[in-house]
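Number of protein chains: 2
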Amino acid sequence: MFETAELGAKVSKEEYEKEVPKLRAALLKAQEDLRASPYSCAVLLSGVEGAGKSETVNLLLEWMDPRGIRAHAMREPTDEERHRPEMWRFWNVLPPTGRTTALFGTWYTHPIVDRVFGRCSPAAFDQSLDRIVEFEEMLHREHTIVVKLWMHLSKKAQKQRLHALEKDKLTRFRVGKRDWRYLDRYDKFRAVSEHAIRKTSTGAVPWHIIEAEDPHHRALTAARTLLVALRARLDEPKEASPQKADQPTRRRGARQKTLLSTLDLTRKLYDKSYEEKTARLQERIALRTRALAVEKRSVILVFEGPDAAGKGGAIRRVTRAMDAGTYDVISVAAPTDEERAHPYLWRFWRHLPRQGHVTIYDRSWYGRVLVERVEGFCTPEDWKRAYAEINSFEEQLAAFGTIVLKFWLVISPEEQLRRFKAREEIAYKQYKITEEDWRNRAKWDAYETAALEVFEKTSTTAAPWVLVEANDKRYARVKVMKAVADALKRK
Amino acid sequence: MFETAELGAKVSKEEYEKEVPKLRAALLKAQEDLRASPYSCAVLLSGVEGAGKSETVNLLLEWMDPRGIRAHAMREPTDEERHRPEMWRFWNVLPPTGRTTALFGTWYTHPIVDRVFGRCSPAAFDQSLDRIVEFEEMLHREHTIVVKLWMHLSKKAQKQRLHALEKDKLTRFRVGKRDWRYLDRYDKFRAVSEHAIRKTSTGAVPWHIIEAEDPHHRALTAARTLLVALRARLDEPKEASPQKADQPTRRRGARQKTLLSTLDLTRKLYDKSYEEKTARLQERIALRTRALAVEKRSVILVFEGPDAAGKGGAIRRVTRAMDAGTYDVISVAAPTDEERAHPYLWRFWRHLPRQGHVTIYDRSWYGRVLVERVEGFCTPEDWKRAYAEINSFEEQLAAFGTIVLKFWLVISPEEQLRRFKAREEIAYKQYKITEEDWRNRAKWDAYETAALEVFEKTSTTAAPWVLVEANDKRYARVKVMKAVADALKRK
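Line by line, the protein sequences give chains A and B. Sequential numbering of the first sequence, starting at 749, is according to this note's numbering. Sequential numbering of the second sequence, starting at 749, is according to this note's numbering.
Treat the hints as calculated values from the structure; they're not laboratory data. One should not assume that every hint holds.
One copy or two, it doesn't matter: identical chains are merged, so the pair holds either way.
Distance condition first, Cα-Cα at most 25 Å in a straight line; then the derived BS3-like pairs of lysine-lysine [stated by the list, open to error]:
(1) 1237 / 915
(2) 1191 / 1230
(3) 1230 / 925
(4) 1020 / 761
(5) 1221 / 904
(6) 1016 / 917
(7) 1020 / 917
(8) 1169 / 770
(9) 925 / 1237
(10) 777 / 1177
(11) 917 / 1177
(12) 1191 / 1016
(13) 1169 / 1016
(14) 761 / 1025
(15) 1221 / 766
Generate the whole structure from the sequences, applying the supplied hints.
See the structure below:
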């Protein structure tokens, strides 16, 4: 595969100087069009050490309008980064709509290096690559133009290049022991990289291998590749405008047997038993939460369910057992404009807990396949692919050791009505009831159908759904606290 | 001062239970009004260890609408936080408009503890307190309602409380060696805290000392204090709408002698000398930038000046000497809605460089006293107080060891016209010229007057302005590179 990038391609200084102004003008035009488009662009620079990745980034920063491009060198992770799943740091630097990010040091670096040094098995390596493919396809669909450039040098050329860098006092600092160690393993790197490139070069997000020995050739090829990739997407015929949502419907009256209809909503708990159980469970949660820091684990609790199902009350019973500094309740409402300018899951990655901490999402990323689906806020393609994206997200959390628990509080429509009316009467509960709640209530069946599909497609061992019979608040709270206490105990 | 909080105030369980629903409803109402207002709210919980700060936060989280309040425990700083000036971590958690943040662990913690253990002099302590007053007054003016609660316990009460916490296995973890060490120094803490409270209790942002021995009394007093503070600001008569900007004007023709008019804009550099000098200066910058990481210093370069003054070109000559991973160019444009929902300087704090890194601001916080002043985007009070806020910001940077350099590129109106016309002709420069540039040009005199006031009020030893004669681009670039190289050399 790399043979095609060892042909000795060269570009003369004259040709280079002739080409640059044209290329620059075209890149700026593309950048201007990007700004006006729904797209963003991520340029990934990977490849052999010393092949000119940072020179290429410098060049792009110089040629393009600096207001629309930023570069991020992803070196060793900081402690904030190490406390969260690996992809967190990349989510943090994703380009917003209209802008370009150049990354050197990419999500390929760790998997490849770990494989070369035998720190992960071939199977684990393939799994990382699969996850990368999913991630990049998600970016692609979320309107990010991902351009992957692989800078290649032959073994001989790399050796020469490192020696040259080392001789110049201006660049000497760039050659470390690591680079020579890597050169020793050139063949292994080559084989592993080839495998990675083959597995992750997809139709939507292909790799571009660039012969990097001659700086002029390297610069022109990299810039042209970027230009072509930008133009290809920008010049596509306009996407059809979002279709009317295909609302899940079901004939009234014809109630089939479903996961929800089989729940026994008459379950109740009596006062005395409730207080005892609450005290005992809160004690267990308190002790286990404190152990999280030592175990270097974090916890995510998701609460979903109809309005007035008692999410807030259940959350408070759990948080009462925790130290105010260790948890954070994120109430998910409409996204901000910065959030809207990023892929859908970005706003949830932002709030992931550090190790030892708990994040509770009051409503969550499931909004995409619930409210956004039912109300037609996104296209059917968007919410249909969201199941897989959500599963991949939750898998990453679990793989990192995060405990993920998802609660669905189930109430009957009759109980909801009763609670709505009560809320309108108690002063300190009035803030909880709005016009929108009544509107949502009218779509009860559509929401229920969407919910059933959620359970079917996203209840995994790593992140199970817990359905909670919630017509009786006390019963629901105890069930939630018990599930949390149990989950915290498991290692 | 603390005597008034050692009176043995108590609230009975009955009274407590009678008061809570009323207080809760009133707090929720205030929160609702806050959401619709231009204000945000920061609640600071300080005071004696064991006095119930975290219990109070827990209670507020429970009583109030969780969608509008978040708590942040500011414990030991993470490494990302240690790499930036101390206030960075607090800027990160400031509440956006309409919301409340409860902080325990505040900007008072470090100064007070350092003073008690003799790690800072009385003078340095007072200086910290002055800086805090400035910061809080800025918050106040930027529509943040700052509520400072000091939880007080007598020495005897604190001792009892620590023993009680230690005896209960649910709270034992909260009492560490540190708490007993602090108790040993109770008197010193008391004296230092009293001094701090006295110096920082201002009309706009007063302290509230709360007797914390009885939990019911503590809870009610804290909640009531918060309520009163919220209501006071929310019920103020509406602010007058921003007046028409008082545009700086000057009669044309009557050119006085100013800092700008005395510059010799005919200065020039010739080709050969330019290339030599550039190479030498870039080498110096390259070597010195690399040393930053070892020295644990960061660099901030600010570029201001009229459109087409050559800011971008000068920036590129500097960044060419740097490794793409060590610098970041922030092009300052219109703020996002998240940025608009925070105090003015928030969006610049966001991008402060880590140690070893360089952030270059292409336009900057000076926008407030330049474009926002001239165009009337903010009120005269806003930009008038901005000089002091900016100076305080830059002082903090310098105190942290950040090298701050501010460049003003000066061109004549005639040269600007020539460049505007040239830009319209060169393909890859067209993106740089817009309608707005022509509009700004028409306000040349207003901008110049604003600029003169900027130099007068914000050129400090810590963060000096460098005026650069920029009619000749080569001369300007060399002057900029030289200033950067020199500044990097100084320790």
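Verification of the supplied hints:
no.: 1; hint: 1237 / 915; result: between (57 Å within a copy, 24 Å between copies)
no.: 2; hint: 1191 / 1230; result: neither (31 Å within a copy, 68 Å between copies)
no.: 3; hint: 1230 / 925; result: neither (53 Å within a copy, 33 Å between copies)
no.: 4; hint: 1020 / 761; result: between (87 Å within a copy, 20 Å between copies)
no.: 5; hint: 1221 / 904; result: neither (71 Å within a copy, 42 Å between copies)
no.: 6; hint: 1016 / 917; result: neither (77 Å within a copy, 31 Å between copies)
no.: 7; hint: 1020 / 917; result: between (78 Å within a copy, 24 Å between copies)
no.: 8; hint: 1169 / 770; result: between (68 Å within a copy, 20 Å between copies)
no.: 9; hint: 925 / 1237; result: neither (44 Å within a copy, 28 Å between copies)
no.: 10; hint: 777 / 1177; result: between (55 Å within a copy, 10 Å between copies)
no.: 11; hint: 917 / 1177; result: neither (70 Å within a copy, 35 Å between copies)
no.: 12; hint: 1191 / 1016; result: neither (27 Å within a copy, 73 Å between copies)
no.: 13; hint: 1169 / 1016; result: within (21 Å within a copy, 80 Å between copies)
no.: 14; hint: 761 / 1025; result: between (80 Å within a copy, 23 Å between copies)
no.: 15; hint: 1221 / 766; result: between (75 Å within a copy, 23 Å between copies)
In summary, the structure is inconsistent with hints 2, 3, 5, 6, 9, 11 and 12 from the numbered list given earlier, while agreeing with the others.
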